[in-house]
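Undergrad: Okay, here's what each chain looks like letter by letter:
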Amino acid sequence: MSALLEQLKISSTALLDEERAELARHLSESLNSADRLPSCSLLLIVAVWSEEKALKEVATELGYRFEKKSHSILGEYFVIGKVGDFEVIAVRTEMGSFGFAGSAAKAIYFKTATTATTIIQLGMAFGIDPTNQKFGDVLVSSSIIPYDRRDVVATDHGYQFDYAPAFPASPARSSIVELFTREQQQNELEFRVQVGAFISGSTRISSRLFRDEMVRTLQPLTDNPIIGGEMEGIGLLSVSNPDDPAWVLVKGISDFADETRHSHIKETRPIACRNAARFVLTALAKASEI
Amino acid sequence: MQMKDFVETQSGPIFTHPLLKLLATRLSVGILAKVELVLPPPLTGYQKAKIYVHLFEGEQEIDCKSEEWEDDLNAGLVDLGIRSIAIDVETDRFALALRSAFRKLENRVGDGYFSAVLVQFVAENEFRDHPDISETLKHIPHSPPHRGKNYDMYIEMVRDAIRGRGVELKDKLGYEVSQAVDILAGALGRYLDERFSLTRRRLLGLL
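Chains as they are written, first to last, in our numbering: chain A, 82 to 371; chain B, 39 to 245.
Do not rely on the hints blindly, as some may be mistaken.
As the list claims (entries may be wrong) - Calculated cross-link-like contacts (lysine to aspartate or glutamate; reagent style EDC-like; alpha-carbon spacing at most 16 Å): (1) Lys86/B / Asp324/A; (2) Lys86/B / Asp325/A; (3) Lys163/A / Glu148/A; (4) Lys86/B / Glu99/B; (5) Lys142/B / Glu259/A; (6) Lys88/B / Asp325/A; (7) Lys59/B / Asp117/B; (8) Lys88/B / Asp324/A; (9) Lys134/A / Glu348/A; (10) Lys72/B / Glu99/B; (11) Lys208/B / Asp220/B; (12) Lys59/B / Asp126/B; (13) Lys215/A / Glu348/A; (14) Lys142/B / Asp325/A; (15) Lys210/B / Asp117/B; (16) Lys103/B / Glu162/B; (17) Lys134/A / Glu157/A; (18) Lys86/B / Glu74/B; (19) Lys142/B / Asp324/A; (20) Lys72/B / Glu46/B; (21) Lys142/B / Asp109/B.
Don't read these hints as lab results, they were simulated from the structure.
Generate the whole structure from the sequences, applying the supplied hints.
TA: What follows is the structure, given as structure tokens:
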């Protein structure tokens, strides 16, 4: 294949760069088997079917592909195509960070195999302030606080949690956070966007008391305002060098991790997922306009 | 120190890391220093790099200081003229220095566009023919970047980031031109390899 591509380069010197690249792309696609490894610069990772569905709907509405493909080693993925300056592929993992096909495992495989430099975990999260946040608001992580990383120490009256081991918080990829922050400042969409710290762990929380106690304990330990929480982000901490993180979380608020979440989440989940997907694809498309 | 002293130019260097001040003092009395870098193997998970600074009195090692990699710390070590213990280590070190140098542009234009501009620059430059880069370049997917009004400025920023490291190798660390070029090309090759996960893919049989 590479010899043919070399010939293509030599014989098509009169063509523009873009035309040459397009021809090379068609040629390599036709020469390769269906099991060719996908190549992309940005991975969108979703964890549940409703997140995948929302991404597919929004991508289609905005005129992008959502082409399902399969690889014998990596499994299924979806080609979205060129969004701004990014070649984008979406992958669905299992819910949660760990486990055979959780966010950690799949992100590692796909990042390595596709040469992606950026990973966006997309979907839904819980908000931490029902007074000032709304269902459907989109949250962007500037950092992750892994709340499971804690010591349990005995006290005279029982035990307490020491969250010092969870700090310093792990920063998200600065280039993509900056891109989303610029988009947040120009936000022309109908929902609010916040950038701040996420708390992330393996616990499914349905208690206002637990949520508030954790935020009250963690907030003084970080300068970044805590804006929400979820369950997949900690898996992404193992995907890249802590000096050069590859990930960011972009999630819509579907609930507030309290006693009422089960009563409304069927209605709020699709809104949260669609808003997050729309925000990401809109921001990525504008990136090349700088 | 009086308030007016805070607006006067300082006569000596300003150190951004406590280790640098210690090293400057040691170097001033004839102690020699060399940098060693420890990078985790590519498939054992992602960890921070560690810097070790070995101190020698003549041939005798008298002390060793270790710190996690920090871009400012490394820049300070380069300013103090402290070389690495071996050329291979110097190459790894300058790959990390390039990562730091590219970060500002990457943050400004985004990962996708930055990757496209960087690969375009390398492909159009003599670097593409260097043995440490030519093989790497074959495995990096590349679509030419959009040539908007700022394209030339971004290409210049890439050039300046690379040239800045080259000048450090020659002028601050005292390498001969040909050796500085080889280290710089090797560093650029390793940066590209890490950015696009090439060694990991090769080790997993995906390349």
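Undergrad: Next step is simple, just say for each hint if it's right about the structure.
TA: For each hint, the structure was consulted:
1. Lys86/B / Asp324/A: OK: Lys86/B and Asp324/A at ~6 Å, within 16 Å.
2. Lys86/B / Asp325/A: Distance ~9 Å between Lys86/B and Asp325/A Cα, so the pair holds.
3. Lys163/A / Glu148/A: 13 Å, holds
4. Lys86/B / Glu99/B: Violated. Lys86/B to Glu99/B sits at ~25 Å, over the 16 Å cutoff.
5. Lys142/B / Glu259/A: Holds, because 11 Å separates the two Cα atoms, which is no more than 16 Å.
6. Lys88/B / Asp325/A: 14 Å, holds
7. Lys59/B / Asp117/B: 12 Å, holds
8. Lys88/B / Asp324/A: 11 Å, holds
9. Lys134/A / Glu348/A: 14 Å, holds
10. Lys72/B / Glu99/B: It holds: about 10 Å lies between the C-alpha atoms, which stays within 16 Å.
11. Lys208/B / Asp220/B: 11 Å, holds
12. Lys59/B / Asp126/B: 27 Å, violated
13. Lys215/A / Glu348/A: 13 Å, holds
14. Lys142/B / Asp325/A: 13 Å, holds
15. Lys210/B / Asp117/B: 6 Å, holds
16. Lys103/B / Glu162/B: Violated. Lys103/B to Glu162/B sits at ~41 Å, over the 16 Å cutoff.
17. Lys134/A / Glu157/A: With a Cα-Cα distance of about 15 Å, the restraint between Lys134/A and Glu157/A holds, given a limit of 16 Å.
18. Lys86/B / Glu74/B: 14 Å, holds
19. Lys142/B / Asp324/A: Holds, at roughly 15 Å.
20. Lys72/B / Glu46/B: Cα-Cα ~33 Å, so violated.
21. Lys142/B / Asp109/B: Within the cut-off at roughly 13 Å; holds.
Violated hints, in rising order: 4, 12, 16, 20; the structure is consistent with all others.
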